[in-house]
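Dock chain C against chain W, hints included.
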Amino acid sequence: MPDKRLLILAALAAVVAVAFMTVGLRGNIAFALELRAVRLVTLIQVGVAIAISTVVFQTVTANRVLTPQIMGLDALYLFGQMALVLTLGSVGYVALDPRLKFAGEAGLMMAMALVLFLPMLRRRFDIGLLLLTGVVLGVLFRSLAMLIARLIDPNEFAVVQGSSFADFNTVRPDLVVIGLAVTTVAAVIIWRLRHLLDIVALGADSATGLGVDWTKALAGLLLLVAALVAVSTALVGPVTFFGLLVVALAERIVDSRRHRLLLPAAMLTAVIVLLGGQMVLQHVLGGAATLGVVIEFVGGLVFLAMLITTSKL
Amino acid sequence: MIEIKNVSLRLGDTQILQDVSLTMPKGGVTALVGPNGAGKSSLLSLIARLRPLQSGSISVDGLPVDTTPSRQLAKTLAILRQDPAVASRLKVRELVGFGRFPHQRGRIDANDLLLIEAALQQFGLMELADRFLDNLSGGQRQRAMVAMAFCQGTDYMLLDEPLNNLDMLFARQLMRDLRAAADNDRRTVIVVLHDINHAAVYADRIVAMKAGRIVADGAPAEVLQPDVLAQVFGYDMNVIDVGGAPLVLHHR
Numbered sequence: 001m002p003d004k005r006l007l008i009l010a011a012l013a014a015v016v017a018v019a020f021m022t023v024g025l026r027g028n029i030a031f032a033l034e035l036r037a038v039r040l041v042t043l044i045q046v047g048v049a050i051a052i053s054t055v056v057f058q059t060v061t062a063n064r065v066l067t068p069q070i071m072g073l074d075a076l077y078l079f080g081q082m083a084l085v086l087t088l089g090s091v092g093y094v095a096l097d098p099r100l101k102f103a104g105e106a107g108l109m110m111a112m113a114l115v116l117f118l119p120m121l122r123r124r125f126d127i128g129l130l131l132l133t134g135v136v137l138g139v140l141f142r143s144l145a146m147l148i149a150r151l152i153d154p155n156e157f158a159v160v161q162g163s164s165f166a167d168f169n170t171v172r173p174d175l176v177v178i179g180l181a182v183t184t185v186a187a188v189i190i191w192r193l194r195h196l197l198d199i200v201a202l203g204a205d206s207a208t209g210l211g212v213d214w215t216k217a218l219a220g221l222l223l224l225v226a227a228l229v230a231v232s233t234a235l236v237g238p239v240t241f242f243g244l245l246v247v248a249l250a251e252r253i254v255d256s257r258r259h260r261l262l263l264p265a266a267m268l269t270a271v272i273v274l275l276g277g278q279m280v281l282q283h284v285l286g287g288a289a290t291l292g293v294v295i296e297f298v299g300g301l302v303f304l305a306m307l308i309t310t311s312k313l
Numbered sequence: 001m002i003e004i005k006n007v008s009l010r011l012g013d014t015q016i017l018q019d020v021s022l023t024m025p026k027g028g029v030t031a032l033v034g035p036n037g038a039g040k041s042s043l044l045s046l047i048a049r050l051r052p053l054q055s056g057s058i059s060v061d062g063l064p065v066d067t068t069p070s071r072q073l074a075k076t077l078a079i080l081r082q083d084p085a086v087a088s089r090l091k092v093r094e095l096v097g098f099g100r101f102p103h104q105r106g107r108i109d110a111n112d113l114l115l116i117e118a119a120l121q122q123f124g125l126m127e128l129a130d131r132f133l134d135n136l137s138g139g140q141r142q143r144a145m146v147a148m149a150f151c152q153g154t155d156y157m158l159l160d161e162p163l164n165n166l167d168m169l170f171a172r173q174l175m176r177d178l179r180a181a182a183d184n185d186r187r188t189v190i191v192v193l194h195d196i197n198h199a200a201v202y203a204d205r206i207v208a209m210k211a212g213r214i215v216a217d218g219a220p221a222e223v224l225q226p227d228v229l230a231q232v233f234g235y236d237m238n239v240i241d242v243g244g245a246p247l248v249l250h251h252r
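Protein chains in written order, with UniProt numbering: chain W, 1 to 313; chain C, 1 to 252.
The shape of chain W in the complex, shown without the other chains (with noise of 0.2 angstroms):
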């Protein structure tokens, strides 16, 4: 018996994902329509990774303001782009074959977000410790970042500032593919693992006193987290607050921290809102402004709301 809200929630996403289709439709009609497919599927997935990495990750750290991308994984990849148009120059970072670039910058934040969560897996870890280790390596590499765009020349600086705002417009379907794998692989494991996550919810303690195996279930998720992450961040870029806006909005409509309930109206409501923001972007207002700064803009004001309203995190 699925939920009733749920139900809404998938009927509203099917209808905002046949307007994107279909609205404005014109000159040749199977090429748009191709070109569109291909975006509406990136979204999608996109939409899917973040949503599910972010309530896996709050789980995990029991905190409900976190997001994984707040450990400074946007500025790695900031710099991973930097470091490339340095040593290739923009000739090269262009020629680059991008299926080589996704698989490096997803391994790359893999690895990095392995180390960051390590401390994670000792029982007691300090959610403060890994904060601020996260902050720090932000600001580590968003200064190396600052360095590389000094010493290189302005016209290369242009090509690779392209990359770090999130890109929701670009359409990548050499990568789309790989993406939808590592998402769906990664969306069905969580999903099976949904009554799991519910108990893992409880704390170290608790969790362990129900059977579960604390340290081997966590290394597992949170390596799901940073795939999701990964491959979220090398198709679109950074986002950092879209996962919090759309599970805190998503928590609102079901009322729930069931994830059975969560998992789905996450997804759903990530994909309403990539969907929707991206049509009415583009055909109200004419594409004036760009989707990942808008979504980053709102998501940073229910961030800033959460921490008012919120005495308990």
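It is worth saying that the hints were derived from the structure and are not from the lab. Model, not experiment: these values are computed from the prediction. Where is the CB? At the ideal position from N, CA and C, for every residue including glycine. Treat the hints with care, since some could be wrong.
Examples of chain W residues toward chain C, derived with CB under 7 angstroms [as the list claims (entries may be wrong)]:
no.	residue
1	Ile199
2	Asp205
3	Thr208
4	Gly209
5	Leu210
6	Gly211
7	Asp213
8	Arg252
9	Ser256
Chain C only, in chain W's frame:
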């Protein structure tokens, strides 16, 4: 049977437990008493494999706690910690249902539903069953946690200061429930208590600890003697006899 052999625990420079050996046969209520920092909670955590064992060995029903798969132990042993962190936006009924997780991995069947309802009934949680945990008082939440531990349906139950935050009515009720679980269901209950008079009335055996060692062990009438109590808690208190059970006047 729980067998603890030569267990020591060191955290940094502090020796928490020193060469503790203890055997608890199946059945009955055992109370662990002692001043703050005596190592009672640490001992309980070690038995429940919440902390890695540093030296010595512990087995529950012949299962060594450090090598037995966690899930298998969860069907034998339930643990209730002091003020456990509680996830938000979770209903009391859902939390109590989590007690069935070791058996069903999340799939709740008709039998589980009966057990959950019975646990809710037993701990006076029927009216609160659909309330969210973050809207409850500390005592109500504590009752929900105890109900979850009962719902786990294990032969062994470890409870770390379960009377925290409970009013007198529910404290007495919980102790009676623990007694009934031992008498009627042949469960083995090990409970850390600060109220020594609850231990006097409801426990079969009292184990007194101080500074990481066991200093007294026996039936309530043997342990609750003025000289033993002074040695454990560091001040003199009177013990009077009320209807055959010792009553410790520890507050005067």
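Hint by hint, here is what the structure shows:
Of the supplied interface hints, the one on Ile199(W) holds, with its beta-carbon coming within about 6 angstroms of a beta-carbon of chain C, less than 7 angstroms. The interface hint given for Asp205(W) is met, as the beta carbon of that residue sits about 5 angstroms from the closest beta carbon of chain C, less than 7 angstroms. Interface hint at Thr208(W): satisfied, since its Cβ lies 5 angstroms from the closest Cβ of chain C, which is below the 7 angstroms cut-off. Interface hint at Gly209(W): satisfied, since its Cβ lies 4 angstroms from the closest Cβ of chain C, which is below the 7 angstroms cut-off.
With 7 angstroms as the threshold, the beta carbon of Leu210(W) comes within range of chain C, its nearest partner Cβ sitting at about 5 angstroms, so the hint holds. About 3 angstroms separates the beta-carbon of Gly211(W) from the nearest beta-carbon of chain C, less than 7 angstroms, and the hint is met. Taking 7 angstroms as the C-beta contact cut-off toward chain C, the hint placing Asp213(W) at the interface holds, the least distance being around 5 angstroms. Of the supplied interface hints, the one on Arg252(W) is violated, with its beta-carbon coming no nearer than about 10 angstroms to a beta-carbon of chain C, more than 7 angstroms.
Satisfaction of the interface hint for Ser256(W) is found here, the shortest Cβ-Cβ separation to chain C being roughly 6 angstroms, below the 7 angstroms cut-off.
The structure fails hint 8 only (numbered hints given earlier).
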